[in-house]
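Could you put the whole structure together from the sequences, leaning on the hints where they help?
First residue of the sequence shown? That's 12 in this note's numbering, and the numbers climb one at a time after it.
No wet-lab data here; the hints were simulated from the structure. Idealized CB from N, CA, C, for every residue including glycine. Be aware that a few hints might be false.
What the hints assert, rightly or not - Computed spacing ranges between beta-carbons, pair by pair:
id : residue 1 : residue 2 : range
1  : L84       : N42       : 32 to 38 Å
2  : F27       : V66       : 18 to 24 Å
3  : I34       : G62       : 20 to 26 Å
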Amino acid sequence: MTSSGGWWVYALLSAFFAALTTIFAKIGVENVSSNLATAIRTVVILLIAWGIVLVTGEAAPIFTLSRKTVIFLLLSGAATGISWL
Numbered sequence: 012m013t014s015s016g017g018w019w020v021y022a023l024l025s026a027f028f029a030a031l032t033t034i035f036a037k038i039g040v041e042n043v044s045s046n047l048a049t050a051i052r053t054v055v056i057l058l059i060a061w062g063i064v065l066v067t068g069e070a071a072p073i074f075t076l077s078r079k080t081v082i083f084l085l086l087s088g089a090a091t092g093i094s095w096l
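Right under this line is the structure:
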């Protein structure tokens, strides 16, 4: 779809879901600590991300990643998590 110029569909969907994220987060954190809300949202993101990786068959190379790649992906994940504090 992206090679035939349908990239704009992905752009619109991305913008739509980004807007929903903000709306749902504001509603969902009314009586919940922000850390707990972030932890719950992150679990959902984790499940969706791994679901996409597994469905598309992109999980196999995980065992062939270089040590450098793994280290920097872990550091990136840690930096992301810390930035949410």
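Tested hints:
Between L84 and N42 the CB atoms are about 35 Å apart, so this pair conforms to the stated range of 32 to 38 Å. One distance hint, 18 to 24 Å for the beta-carbon pair F27 and V66, holds here, with the actual separation near 21 Å. At roughly 23 Å, the beta-carbon separation of I34 and G62 lies within the given 20 to 26 Å, and the hint holds.
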